[in-house]
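Student: Next come the chains, spelled out residue by residue.
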Amino acid sequence: DARVTQTPRDKVTEMGQEVTMRCQPILGHNTVFWYRQTMMQGLELLAYFRNRAPLDDSGMPKDRFSAEMPDATLATLKIQPSEPRDSAVYFCASGTDRDRGTDTQYFGPGTRLTVL
Amino acid sequence: GENVEQHPSTLSVQEGDSAVIKCTYSDSASNYFPWYKQELGKGPQLIIDIRSNVGEKKDQRIAVTLNKTAKHFSLHITETQPEDSAVYFCAASIRRRGGGADGLTFGKGTHLIIQP
Numbered sequence: 001d002a003r004v005t006q007t008p009r010d011k012v013t014e015m016g017q018e019v020t021m022r023c024q025p026i027l028g029h030n031t032v033f034w035y036r037q038t039m040m041q042g043l044e045l046l047a048y049f050r051n052r053a054p055l056d057d058s059g060m061p062k063d064r065f066s067a068e069m070p071d072a073t074l075a076t077l078k079i080q081p082s083e084p085r086d087s088a089v090y091f092c093a094s095g096t097d098r099d100r101g102t103d104t105q106y107f108g109p110g111t112r113l114t115v116l
Numbered sequence: 117g118e119n120v121e122q123h124p125s126t127l128s129v130q131e132g133d134s135a136v137i138k139c140t141y142s143d144s145a146s147n148y149f150p151w152y153k154q155e156l157g158k159g160p161q162l163i164i165d166i167r168s169n170v171g172e173k174k175d176q177r178i179a180v181t182l183n184k185t186a187k188h189f190s191l192h193i194t195e196t197q198p199e200d201s202a203v204y205f206c207a208a209s210i211r212r213r214g215g216g217a218d219g220l221t222f223g224k225g226t227h228l229i230i231q232p
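Residue numbers (my numbering), protein chains in the order written: chain A, 1 to 116; chain B, 117 to 232.
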């Protein structure tokens, strides 16, 4: 069945290193969301795209985070340089605005990031 | 921006009993309210959602009610089973005309424990 895929599933890195997380949305979906989950803050929206255009990235620290959609089948979230406070699980979700009957966001399995 | 409060943070019920989780939201423009279930190590999975033109929606053992005037919505699970044990999140968003919802604002989650 159709699923959102995310790679890597786990990433351990050292402070200052660049981290790139990838997401493949469900085929045919035109909206991609990035969320971050931590114990303290819960699930937070970082950014989202529709038809590959960024619609809202107000939840993202602009100085070190960047999100892109190189094509309709790939979304990336980069952190450069990474810091220990970036340790979290990062979720990608996809959806579509082409079906007026649904607004469901389908979540991927997440990337667990640990910055030492 | 939107703020979603969720209670309780932990709920323990006997198998077969009912469970109720409550959420309030702050932005009167919000019109889409999904509920997600998250199991350990997995991404959130939609279990039911409701739009602001509907007061109640039911799907087998799960129901959601919405009070727009009071800005609160609730999840009801009847005849609870061990597999219902998980963390449940409520969320709010704005669904645009023509389809497609904005990013979700989540509550902090409720850890539901089903006692055998």
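Just so you know, these hints were derived from the structure itself, not from any lab. Some hints could be false.
What the hints assert, rightly or not - Keeping only pairs whose Cα atoms sit at most 25 Å apart, straight-line, the calculated PhoX-like set for lysine-lysine is:
#1 B:K158 - A:K78
#2 B:K173 - B:K187
#3 B:K187 - B:K138
#4 B:K138 - B:K153
#5 B:K173 - A:K11
#6 B:K224 - B:K184
What the hints assert, rightly or not - Label pairs and their in silico Cβ distance ranges:
#7 B:V136 - A:Q17: 24 to 32 Å
#8 B:S125 - A:A2: 32 to 40 Å
#9 A:D71 - B:R167: 30 to 38 Å
#10 B:V136 - A:T104: 17 to 25 Å
#11 B:S128 - A:Q17: 38 to 46 Å
#12 B:D175 - A:S66: 37 to 45 Å
#13 A:V12 - B:R167: 21 to 29 Å
#14 A:R22 - B:G171: 37 to 45 Å
#15 A:M15 - B:E172: 28 to 36 Å
#16 B:G132 - A:S66: 48 to 56 Å
#17 B:E121 - A:P84: 47 to 55 Å
#18 B:S128 - A:N51: 40 to 48 Å
Owing to the predicted nature of the structure, the values given are computational and were not obtained by experimental measurement. Glycine included, every Cβ here is placed at the ideal spot set by N, Cα and C.
Student: Each hint should be assessed against the structure and marked as holding or not.
Tutor: Structure-based check of each hint:
1. B:K158 - A:K78: holds (22 Å)
2. B:K173 - B:K187: holds (16 Å)
3. B:K187 - B:K138: holds (11 Å)
4. B:K138 - B:K153: Given that 25 Å is the threshold and the Cα spacing comes to 14 Å, the pair holds.
5. B:K173 - A:K11: violated (40 Å)
6. B:K224 - B:K184: Given pair B:K224, B:K184 holds - Cα atoms ~21 Å apart, limit 25 Å.
7. B:V136 - A:Q17: 24 to 32 Å: violated (45 Å)
8. B:S125 - A:A2: 32 to 40 Å: The hinted range 32 to 40 Å holds for B:S125 and A:A2, with Cβ atoms some 33 Å apart.
9. A:D71 - B:R167: 30 to 38 Å: Given about 32 Å between the Cβ atoms, the range holds.
10. B:V136 - A:T104: 17 to 25 Å: At 23 Å between Cβs, range holds.
11. B:S128 - A:Q17: 38 to 46 Å: With Cβ atoms ~42 Å apart, the hint holds.
12. B:D175 - A:S66: 37 to 45 Å: holds (39 Å)
13. A:V12 - B:R167: 21 to 29 Å: violated (41 Å)
14. A:R22 - B:G171: 37 to 45 Å: holds (41 Å)
15. A:M15 - B:E172: 28 to 36 Å: At 50 Å between Cβs, range violated.
16. B:G132 - A:S66: 48 to 56 Å: About 50 Å separates the Cβ atoms of B:G132 and A:S66, which means 48 to 56 Å holds.
17. B:E121 - A:P84: 47 to 55 Å: This hint is violated: roughly 29 Å between Cβ atoms.
18. B:S128 - A:N51: 40 to 48 Å: holds (45 Å)
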